[in-house]
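Enquirer: In case you want the letters, here they are:
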Amino acid sequence: MNEAPLFKPRFNAAKPAFGILVFLLYLFLLAPLLIVFVVSFASNQYLSFPPEGFTLKWYGMLPQESTFMNGMRVSLIVAVIVTVIVLALGVPAALALDRYEFKAKGAVQSFFLSPLLIPSIVLALGMVLLFGPLRLTNTYAGIIIGHVAITIPFVIRTTLMSLATTDTSCEAAARILGADSWTVFRRVTLPIIQPGVIAGGVIAFIVSFDEAVISLFVAESGLPTLPVQVLRYVENSADAAVAALSVILILISLVVVVVVERVMGLRKALR
Amino acid sequence: MTTLQAPGQTPLRPAEAGELEKATEKRNRRAYLALLIPGLLGLLVSFVFPLAYMVRMSFNRGAPDGVIEETFTFDTYIQPLTDPYYWKVTLDTFQMGVTVGVLCVLVSYPVALFLARSQSKYRSLLLAIAIAPLLTSAVVRTYGWMVILGTNGLVNSSLTGLGIIDTPLKLTNNMTGVTIGLVEIFMPYAILAMISGFGRLSPQLEEAAGSLGASKFNVFTRVTLPLSLPGILTAFLLVFVLSISTFITPRLLGGGSVQVLATEIYDQTTGLLNWPFAAALSVILLVLFGLIIAVYQRLTRKIGG
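These protein sequence lines are chains A and B, in that order.
Residue numbers in the first sequence follow numbering that gives the first Met the number 0, run continuously in steps of one, and reach 270 at the last position.
Residue numbers in the second sequence follow numbering that gives the first Met the number 0, run continuously in steps of one, and reach 304 at the last position.
If you are wondering where the hints come from, they were derived from the structure by calculation, not from laboratory data.
Note that CB positions come from ideal geometry on N, CA and C, so glycine has one too.
Heads up, some of the hints might be wrong.
Here are some chain A residues pointing at chain B (derived, C-beta under 7 Å) [as the list claims (entries may be wrong)]:
1. Leu28
2. Pro91
3. Gly125
4. Val147
5. Ser245
Let the sequences and hints guide you as you build the complete structure.
Expert: Shown next as structure tokens:
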């Protein structure tokens with residue numbers, strides 16, 4: 000193999016250049032998140048660079064900002080209830096899609112995943128149009144119903160993903176050994192789908208918690224969620240006060256990312 | 000894989016398991032319906048009804064002060080399709096989609112290529128970092144871009160501080176800012192789509208071409224690039240449809256001076272209270288979106304199969 004060393008220098012010259020390019024692109028991808036961290040600890044009174052010093056005052060101010068605290072409360076209540084509802088609706092549906100054969104199965108599965116294919120601004124308009132006459136605008140019920148549509152696909156997908164890696168013989172084995180359907184579900188099926196349920200649940204939580212467009216249309220005036228409050232605030236001024244809050248939102252997302260990556264892998268869950 | 004097998008037991012043969020399934024299936028024939036119905040009802044209420052109601056609304060007529068005249072007319076469609084202003088908004092939306100799509104593909108391709116080939120033990124971590132921004136708030140990321148691009152932002156402060164420019168560049172409240180923000184926000188989608196589309200690309204093929212005497216450049220243009228084209232194309236289409244329907248970033252980074260279909264829909268509802276007209280604009284956006292998604296799905300199926 001005399002040729003091999005001949006190629007070596009060329010490969011070595013291209014490699015670091017490519018590495019640097021990829022590093023710079025990663026920097027670009029993470030830039031808005033990194034900059035928010037920097038600004039949140041900067042003591043500059045108004046938004047400017049470079050940072051003049053280190054401070055925690057922006058974080059200290061957060062508990063007194065009633066708009067943000069109210070928004071946080073609304074968003075947490077909504078996200079928790081949405082998560083419970085979509086798990087209750089989505090996990091059984093995913094089980095039916097994987098464990099049973101029936102007509103139009105493919106169509107039903109596509110239907111469950113289809114809300115992701117509709118622009119959220121279109122869905123949001125449809126919701127405010129329908130919810131208005133039903134007096135559901137500016138209510139928790141309105142926001143929650145709105146968020147169910149966009150979170151169900153994630154739960155269905157992650158649960159199906161967990162089910163796809165196992166065959167039905169485990170359940171059959173449990174049944175032949177005398178377990179009733181509930182025991183089969185609790186002792187066999189549930190452990191199998193647990194990663195999918197956890198991943199789907201935390202993704203549903205964060206999608207609902209961070210959702211801004213549907214909340215904006217359905218409840219801007221009466222029950223603004225945290226993303227809506229941030230949106231309104233940032234619309235008027237992009238100063239540093241909202242940076243600390245943004246960091247907290249990023250950290251919540253980070254927890255979700257770590258959980259999803261641990262239980263089933265981010266790529267599998269989000270593809 | 001989870002195996003639930005008591006010690007000393009042999010697992011059921013697949014054939015046996017299949018027969019068992021058939022026997023129990025009769026008993027559970029209706030069980031799947033019970034499992035499906037709650038979810039279907041949920042989607043009916045939160046998804047089908049709002050969309051259907053919106054389509055119906057688009058054939059009504061909007062009167063001043065948010066009054067809706069119940070009728071069946073195509074007026075709401077004739078106006079956006081004949082008014083030059085709405086043609087411009089639609090064209091701007093399209094142009095933004097194409098620009099963001101192309102730029103996003105350009106910046107995502109090296110990262111996707113790197114992740115697809117990497118043998119590093121940090122590969123899965125780096126992959127997770129590339130996708131993780133998907134689960135962060137779009138409002139927060141857009142705010143981050145406002146901090147970077149604003150008049151007193153990072154870019155302008157650095158450039159004026161270094162004496163390169165005297166007056167700050169105008170990077171926000173215009174299409175430039177919106178484009179930069181959207182390119183970054185949709186990068187994770189593009190990277191995911193590309194990695195999935197790189198199916199037939201393998202380091203062995205590239206090595207083979209190299210050892211047969213192809214130069215690095217030729218390996219790239221004759222092997223790597225053609226094999227990654229499906230991934231590139233699906234990523235472009237995905238980013239395109241996401242861009243033409245996105246609202247938050249054009250709203251915030253555009254600062255009211257960037258008008259695209261999504262911001263127009265919002266203005267028609269909150270500002271002008273012209274619900275039927277907003278509904279018609281949404282239907283138009285939905286049709287554009289649907290056409291491209293159909294192409295996209297056909298493509299991904301071809302690549303997958």
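Enquirer: Are Pro91 of chain A and chain B close enough, Cβ to Cβ, to be under 7 Å, as the hint says?
Expert: 4 Å, holds
Enquirer: Would you check whether Leu28 of chain A satisfies its interface hint, that is, whether its CB is within less than 7 Å of any CB in chain B?
Expert: 5 Å, holds
Enquirer: For the restraint on Gly125 of chain A, tell me whether the closest CB of chain B is nearer than 7 Å.
Expert: Constraint on Gly125 of chain A satisfied, holds at 3 Å.
Enquirer: Under the criterion of a CB-CB separation shorter than 7 Å, is Val147 of chain A in contact with chain B as hinted?
Expert: Interface hint status for Val147 of chain A: holds (4 Å vs cutoff 7 Å).
Enquirer: Against chain B, with CB atoms and a cut of 7 Å, does the hint on Ser245 of chain A hold up?
Expert: Given a least distance of 4 Å, the restraint on Ser245 of chain A holds.
Checked against the numbered hints given earlier, this structure breaks none of them.
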